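Chemist: Please construct the entire structure, taking both the sequences and the accompanying hints into account.
Residue strings, one per chain:
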Amino acid sequence: MPGIEFSHVVMRYDNGTEALRDVNVVIPEGSMLFLSGHSGAGKSTFLRLVLRLESLTRGRILINDVDISRLARRRIPAYRRHLGVVFQDHQLLPMRTVYDNVALPLRVARVREREIGRRVRAALSSVELLDKDRVLPGALSAGERQRVGIARAVVNRPKVLLADEPTGNLDPALSESVMSLFRIFRSLGATVIVASHDTGLISGMGERIVELADGRLVGDSAA
Amino acid sequence: MTMDTQRGRTDPRTARRPKEVWPAASGALRSVWLERARVAGESIAYVGQRWPTTVVVWLLIGAALALPAALYLVESNLSRAAGEWQGRPGFSVYFEPGLDASVSTGLAARLRAEPDVSGVRLITPEQALAELRGQTGLRDAVEVFDGLERNPLPVTIRATLALGSSPDRLLAIAESAGMQAGVAEVVIEKTWLERLAAIRDVIRRIAVIVAALLGVSAVLISAASVRLAIAARLAEREVLALVGADARFIRRPFLYLGFLYGIGGAVVAAALLAAALMALEAPLTRLFASYGVDLHLSGFDPMFLGVLLGCGAVLGALGARLAAAQSDRPP
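In order, the protein sequences belong to chains A and B.
Per the numbering used here: the first sequence = residues -19 to 203.
Per the numbering used here: the second sequence = residues 6 to 336.
Be a bit skeptical, because a hint or two may be false.
[To be verified] Sample of chain A residues at the chain B side, in silico, Cβ under 8 Å:
| # | residue |
| --- | --- |
| 1 | Pro57 |
| 2 | Ala58 |
| 3 | Gln71 |
| 4 | Leu84 |
Just so you know, these hints were derived from the structure itself, not from any lab.
Keep in mind the model is a prediction, meaning the values are calculated, not measured.
Note that CB positions come from ideal geometry on N, CA and C, so glycine has one too.
Modeler: Here is the structure:
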């Protein structure tokens, strides 16, 4: 089945810390999944493995029936162009305008400038920041910066959208609007994985929740 | 693909690496060039924003390029001077004292008839003494000669070879003249030429060594400067890697930066050389004129400047590539 499949995944860092221990989970294509758990439970490692920022120690991760842990290094950039990532700390480039930050994945993918302009405006419009396109990130509030990060993550129409504590710095109202955005992208066909320790927020979303604790999968609402 | 699904291990003997997860989207060619132009513009802006650092880097690279370039100019001008001198080598025939004038005039006439001889000058002892009197620093010698009963200077013939005549022909004619009765000595005027050639050879070798050493220095200066720029934009590199930029895309601004450092350094080197040439041309021309060589410094032409700029650009970009290679590993 196309989608994301973690099969007996073990991830041990060089310092001996075992971040994931024999994790098995299947995430169907076009679905939404919340990863919950305390700090250090392995949520970020889960996302970093999908991003190929880390190489797993054992097991395999199949995406679209391809074992991404075995992708050659030179093929990783092309693979990442199909992913969208949202970070808690936004990871925006301070010296580039909102427009240029959002346009970054498209420029990397060598999309035509006219198409870039169209897609960036659409992405900024979806997060209600179209009027801030010429502003530097430093002039935005935390919530606005987070929305710019989301616009950048979705501008290239990713197959998989990953979000690591995307509501960490946001107030409850803004957090819910961000989650609603993720639902919209899911409805457009993207597979969405959100790591969050805000159990109050995610339990009210009515979506599948996978709980990690000390690197082990300890709960799956779909099970 | 052979896979042990129970333990999740892959057999490396039979496993093949997968090609791609999703079909790759092809980029527009025009967009690639626009992106490169945009990155070049950003690199120029980066250089402009940090102009004090940039000026220091340009001066360092400029100084490193100027010395080998200067040695090249010196060597090429010496070669040209030697070439001009070499074009009219000659020899002097000294006759035995008290010889009948018809012997020397006869040899002079025979030499004038040689197609490879462009000029023959017969110098009588009186003319030789008059020439000595005209030269400063030889006053004591002239006074000694004046004290003698008769002029001891011999009759001399100075012959100059025609342009393009070979050194072998010079030797043959000089040897033939030496066999003439009454000739005491024939001196072929090539010592100065040999010294010049030796000096030129030494300068050429030094230039090669200095160019190699300072070329490496220019690369290292560029690498160190670009490494600082990479460190300052580490976060940007990480973000670019996360959104799928490949190593070439990530390193491109830094390569352009190294290129700009190199080009700027070459311009500084050219300016230094121009200033040095302006300061040295007049005294050097006088010095060479005293050796009978009509020297006009040359070589500082558009071709030379093009090569200098090219070398600067290549060395700068090479340094940038070196710096980028150390941090190419994508996160």
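Chemist: Kindly indicate which numbered hints from before are broken by the structure, ordering the numbers from low to high.
Modeler: Violated hints: none; all satisfied.
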